[in-house]
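Participant: Below, each chain spelled out in residue letters.
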Amino acid sequence: MTDAEELRARTRTLLEEHPPATTDRTDFLRARFDAGLAWVHYPVGLGGLDAPRALQSVVDAELAAAGAPDNDPRKIGIGLGMAAPTVLAHGSDEVKRRFLRPLWVGEEVWCQLFSEPGAGSDLAALATRAVRDGEDWVVDGQKVWTSSAHTARWAILIARTDPDAPKHRGITYFVCDMTDPGVEVRPLRQITGEAEFNEVFLTGVRIPDAHRLGEVGDGWRVAQTTLMNERVSIGGSRIPREGGMIGKAATTWRERPELRTHELHRRLLDHWVDAEVARLAGERLRQQLVAGRPGPEGSAMKLAFARLNQAISGLEVELLGDEGLLYGEWEMRRPNLVDFTGRDAGYRYLRSKGNSIEGGTSEVLLNIVAERVLGLPPEPRNDKDVAWKDLAR
Amino acid sequence: MTEPLPEHPLDLLYSETEEDLRAAVRALLTDRAGHQVLLDRIETESPYAPGLWKSLAADIGAAGLLVPEKLGGQGASHRETAVVLEELGRAVTPLPYLSSAVVATETLLDLADGSEAAAGLLAELAGGRTVAVLAVPLSTAPGAEFPLTGPVPAVADAPAADVFLVPRADGLYAVPAAEATVEPQTPLDLTRPLARVTASVGGTRLAGPDAARTAVRRGLLSGAGLLASEQLGLAEWCLEETVRYTRERHQFNRPVGSFQALKHRMAQLWLDLVGARAAARAAADALATGSPDAPLLVAVAQAYCSKTAVRAAEECVQLHGGIGMTWEHPAHLALKRAKSDQIALGATGRHQDAIAALVGLEPPL
Numbered sequence: 001m002t003d004a005e006e007l008r009a010r011t012r013t014l015l016e017e018h019p020p021a022t023t024d025r026t027d028f029l030r031a032r033f034d035a036g037l038a039w040v041h042y043p044v045g046l047g048g049l050d051a052p053r054a055l056q057s058v059v060d061a062e063l064a065a066a067g068a069p070d071n072d073p074r075k076i077g078i079g080l081g082m083a084a085p086t087v088l089a090h091g092s093d094e095v096k097r098r099f100l101r102p103l104w105v106g107e108e109v110w111c112q113l114f115s116e117p118g119a120g121s122d123l124a125a126l127a128t129r130a131v132r133d134g135e136d137w138v139v140d141g142q143k144v145w146t147s148s149a150h151t152a153r154w155a156i157l158i159a160r161t162d163p164d165a166p167k168h169r170g171i172t173y174f175v176c177d178m179t180d181p182g183v184e185v186r187p188l189r190q191i192t193g194e195a196e197f198n199e200v201f202l203t204g205v206r207i208p209d210a211h212r213l214g215e216v217g218d219g220w221r222v223a224q225t226t227l228m229n230e231r232v233s234i235g236g237s238r239i240p241r242e243g244g245m246i247g248k249a250a251t252t253w254r255e256r257p258e259l260r261t262h263e264l265h266r267r268l269l270d271h272w273v274d275a276e277v278a279r280l281a282g283e284r285l286r287q288q289l290v291a292g293r294p295g296p297e298g299s300a301m302k303l304a305f306a307r308l309n310q311a312i313s314g315l316e317v318e319l320l321g322d323e324g325l326l327y328g329e330w331e332m333r334r335p336n337l338v339d340f341t342g343r344d345a346g347y348r349y350l351r352s353k354g355n356s357i358e359g360g361t362s363e364v365l366l367n368i369v370a371e372r373v374l375g376l377p378p379e380p381r382n383d384k385d386v387a388w389k390d391l392a393r
Numbered sequence: 001m002t003e004p005l006p007e008h009p010l011d012l013l014y015s016e017t018e019e020d021l022r023a024a025v026r027a028l029l030t031d032r033a034g035h036q037v038l039l040d041r042i043e044t045e046s047p048y049a050p051g052l053w054k055s056l057a058a059d060i061g062a063a064g065l066l067v068p069e070k071l072g073g074q075g076a077s078h079r080e081t082a083v084v085l086e087e088l089g090r091a092v093t094p095l096p097y098l099s100s101a102v103v104a105t106e107t108l109l110d111l112a113d114g115s116e117a118a119a120g121l122l123a124e125l126a127g128g129r130t131v132a133v134l135a136v137p138l139s140t141a142p143g144a145e146f147p148l149t150g151p152v153p154a155v156a157d158a159p160a161a162d163v164f165l166v167p168r169a170d171g172l173y174a175v176p177a178a179e180a181t182v183e184p185q186t187p188l189d190l191t192r193p194l195a196r197v198t199a200s201v202g203g204t205r206l207a208g209p210d211a212a213r214t215a216v217r218r219g220l221l222s223g224a225g226l227l228a229s230e231q232l233g234l235a236e237w238c239l240e241e242t243v244r245y246t247r248e249r250h251q252f253n254r255p256v257g258s259f260q261a262l263k264h265r266m267a268q269l270w271l272d273l274v275g276a277r278a279a280a281r282a283a284a285d286a287l288a289t290g291s292p293d294a295p296l297l298v299a300v301a302q303a304y305c306s307k308t309a310v311r312a313a314e315e316c317v318q319l320h321g322g323i324g325m326t327w328e329h330p331a332h333l334a335l336k337r338a339k340s341d342q343i344a345l346g347a348t349g350r351h352q353d354a355i356a357a358l359v360g361l362e363p364p365l
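Quick mapping for you: the protein sequence lines, in order, are chains A and B. Sequential numbering from 1 applies to the first sequence in the UniProt record's numbering. Sequential numbering from 1 applies to the second sequence in the UniProt record's numbering.
Hints in this document: simulated from the structure, not taken from any laboratory. Positions of the beta carbon are idealized from the N, C-alpha and C atoms, including for glycine.
Simulated restraints on C-beta separations:
#, chain 1, residue 1, chain 2, residue 2, range
1, B, Arg-249, A, Asp-383, 21 to 29 Å
2, B, His-250, A, Leu-391, 25 to 33 Å
3, A, Leu-337, B, Lys-70, 57 to 65 Å
4, B, Lys-70, A, Val-338, 52 to 60 Å
5, A, Arg-186, B, His-8, 48 to 56 Å
6, A, Pro-378, B, Gly-349, 41 to 49 Å
7, A, Asp-383, B, Ala-261, 16 to 24 Å
8, B, Pro-147, A, Tyr-327, 54 to 62 Å
Pairs of lysine-lysine residues, derived as DSSO-like cross-links and limited to a Cα-Cα distance of at most 27 Å, are as follows:
#, chain 1, residue 1, chain 2, residue 2
9, B, Lys-307, A, Lys-302
10, A, Lys-353, B, Lys-307
11, A, Lys-248, B, Lys-307
12, A, Lys-75, A, Lys-353
Okay, chain B solo, but in the shape it has when bound (with noise of 0.2 Å):
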């Protein structure tokens, strides 16, 4: 190695400002959000508990945190953005926060400066008054191509959208929910709904072919880089009830927890957790200030978390035992969000081919 690669300073710590949010946002979800109203609300038509949006969009404000006071936000950043999602992702709220807050609102930000329209809605968005969803399968990854033809399919969060935003060949669109044809479809993460959507006409033109690009392009880096807190703030709850079941679980006249086998497991996923704070808080820190890192540190955070939460939430269920395996207890609920969102905002092997272009760590010739 003649240089090293580049890096930038980061603050990898939390604030008392973030801390005060997230107690706040706990307040609210323990109080609305908890496991019983999720399991009992997951099958009916909409996993959305009425008034709980309002209530964190726009009463705690936490819609608005990345955009600047003069459109209409609090002017905070992604830091506290990702603190609102570790809550979101322990709880596994199902709520349009991650698409209509992260990516539509980044979208958006990145035209708020050419475009009234665009400027507009963004100030609808912060206040919580409108959810936008970018209308793109949930799976796509920062550096994919656009347009996209037909029918968009696994749209998340569609269903609760007022608007999509629609890239197509010529632009980006804003298209009124009621002017698109939305689909409801199975999704594996129920607290997550997906639809497939056609939005092929009308609208309002937003920007045009390239700036639509670059765009879109922020909205998924962000998503993807922020969506590395939802899967920390999971991993952390699947991490915590095993440890507190384990301690209450007797079996063979002993606490399970006090079992080596056990142990170790349990340790070996809280190193896993050390690890995944830090790469969520790099990623979230590196976005905030607009790192040239932070291509790089989302892909790492991406490729890391995905796989930590989807380990925790396996790990949870399997060390439940029996319970773990039922519809009553919360952890399938954990498991399908985390395998959902391990897919979501791009695979692991569509972020390590970033890491590995950024690097230069080049693949066979």
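This is chain A alone, in the form it adopts within the complex (with noise of 0.2 Å):
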């Protein structure tokens, strides 16, 4: 069992060998990866060391008071939180070797496409087909909502293969070259003026097996511990007081005595303590994952900061009047990564409309609560043993 101690004499020699200051940013965090100290719960030889997952801050606070660089989780999101689990769990030994490196080093930036124009929420719905042809998969069909698409070299896909079985049990999972000229990748322009999403069109994309995920048909179970990770993703960070968009929304109110009134006074300190709260159950979700005791309040911090985010934002258009009348700029840009509480109140009230859509809808999320975490019937579901083919569409 590798221990903290021996971390930190491994992220020791890693400086040593590789001086920071000196040592090209690409360079260094390949020789990271290679001494296995990227995601060190990772196994031997695939940027880990078999080491408890919890060990990782010992190894990020070594190489932050080093001011060694970072492989810019933010900009890689996808490819760290999605696409790496489900490698890891599903690939083959040479798909492992071939994606995990470049993906962790940020060389290859990945995106995911999963959702389409009619499967949502219905994720299993799904109608993109893959077809065998010799060793390939030849692939057609429509995704949407994909960010990150057009700066991808790779993306994860689920596909149906099997349009005779019910809709769970004929999909397959693979992954996709972004690159292929069957792939076209195309803005798509949202409530914010930006285009931070994409619809992809795939038209006789030609796909390996060898970059199969899984079993043929068995797609729905791999996409599973791509969406389990997902959710494991959000709410194990610590957030200040008045951290997020309750912050924006104190600061306009303390610095601009003249557009307080007594409404937006209350409504104000209503949100305050509801963002205090979530905070306060986020930190304790957080003490709960470090003593070994998840619970399923995760679920919960979703939810709460989709409400408050858009009650807030909502609220602090209001408070600014006729500056509320204003908007920045509608020029349509592409960024790589959204700013959620960046730029000004309208932006932020609109882009927080997304938040109670995005990763799963705030109405499929009650459900799941009500059914998993309270033990509540099930909806009656008339979908289960039909062929996908034979569904209303």
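Join the two chains, each given in its own frame, into one complex according to the hints.
Facilitator: Here is the structure:
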């Protein structure tokens, strides 16, 4: 078992052999990966040391103190949070060796080809087809809400390989090359005026069978690995008091006394209390995780923050009065990263509308809480044993 | 925001000792203070079950949790006390625990160093032999100004008190109940009796005006902070009962709990409870460690847990349908307690005002 002392020693050796001040960023990150210090809980040879996940913080602290470059997890979030754990759990040895290092270093950005125009909350109803042709699969269909598609080299993709099976059983999971000529990425302009997401059209895209993750027809189960890891990645970090949206509104309140009214004061305090309680609930969840007693509260956090962000940003637009009537700019841009609390109040108000839709709508998450946490009876299902091709669409 | 608002480390989990204490209190209440027992007693002269106070306060030692061992108590903290209150809230128990073992006890703790009379009375309270009640209206917020003059209305648990702690212009007095006039009032919450108390003369002086003000404020602050745990326990019971009932009750050939409109309401309540638990634990832990953050976290817990408990009780009545409106079903006991708790120790607006002052969100000029 690798302990904290050993990790510290290994980190210092890495720093001595590759001094951050004189080493190229990518070279340093590659060396860190090869030393097993990228994600210490991953296997030896794949960027890790089979160490307890909690010990990563030891390495991170040493590296931060030494001013070492990091791999900018925000920029490669989909790769780190969703593709990597799925590749690790379901990929062949060759696939793991090929993909994990450039993914972690950030040389190759990933995106996720899951949602479709006709399959959002009902993801298992997806219609993108993959047909076997010799050693390849040929994929045709359309995906939507794909962030990073315009910068991504690779995508995780789920497609239908057996239309005669019920919808959950005829799906297969692939790694798709975004540079393939059959892949067309079009910006999808949103409510904010910018295009942070894309539509992706797949026409005769050839994917080698070696890039399949998991068994043919077992893609829904593989996708659960991806989706579970997406939810785990929410709620692990500490939020300071007045972090996030409430800090923006509170600052405006403090700096602009001429805008204050009694009615807005009450509402601001309501939101301040709710934001502080959500912060405390997040902190409690974090303490449970550290103590090895994870609770189901994670799904509560996403719901709470969606509601809060919408209410607080809406209040801030009102507070600003005449200024709230204005908007920064409507020029269409394609940002590489979403800055939820950045820009102006109008942008925050519009962007926060997505918080209750992306990554699972609040309505679907409430069903999950009701059924899995409270044990209430499930929704009646009339699509479970019907072949996908016979479902009404 | 140039500088982040200060905050202090908190332990928001429950310890094993606390879980053991919870189990002991829950077993006692399940055995001796079930809802049928309450329903049978609430309209009698006293809702307090004889012997139950002795079992909780003296046998389990719950009355002395906040009191150091050298002063005759258990030497525990607000964290353990909060767990007892969660259980008392779940069962809507009619016992003078919050008033005597929390508010009066904390007030006396502030004075015990300088007053032998206060220390002596504190030991009586900690052993569960005496019940003391601070003679202020139940609605009094921690920041309220004293003294009050004339008869004091709506003093909680006054009918059970052996001693009243009475704030007067020249200090705080301990007045034996026999020397006070106690006129029972009809309470909205039948499980927390109220009375108009007149104790304007006599008694033993425990502190001068300044010390009295500080001590009463501490008593009320702890009371408000730990009331949040009672509200949490009550809300938990409401949700659990509602989930249990809607899984069993069938209409339209389905359990009513399978209808999405109802499921979402219960799921939303669960989300609110996740927040209430974090807020109540934060207040209890901050009080236990004497954190400078305690006044803020108490106000946050009160502002949040009050509304959560009321909503949980209102949803409980509604989602039970007709049965929820009947006297036989305990839902009304929870609703009456929740609504009364919302006003107790400062209504929401008072706590919001305190928050505004503490974090610099000043009202309009």
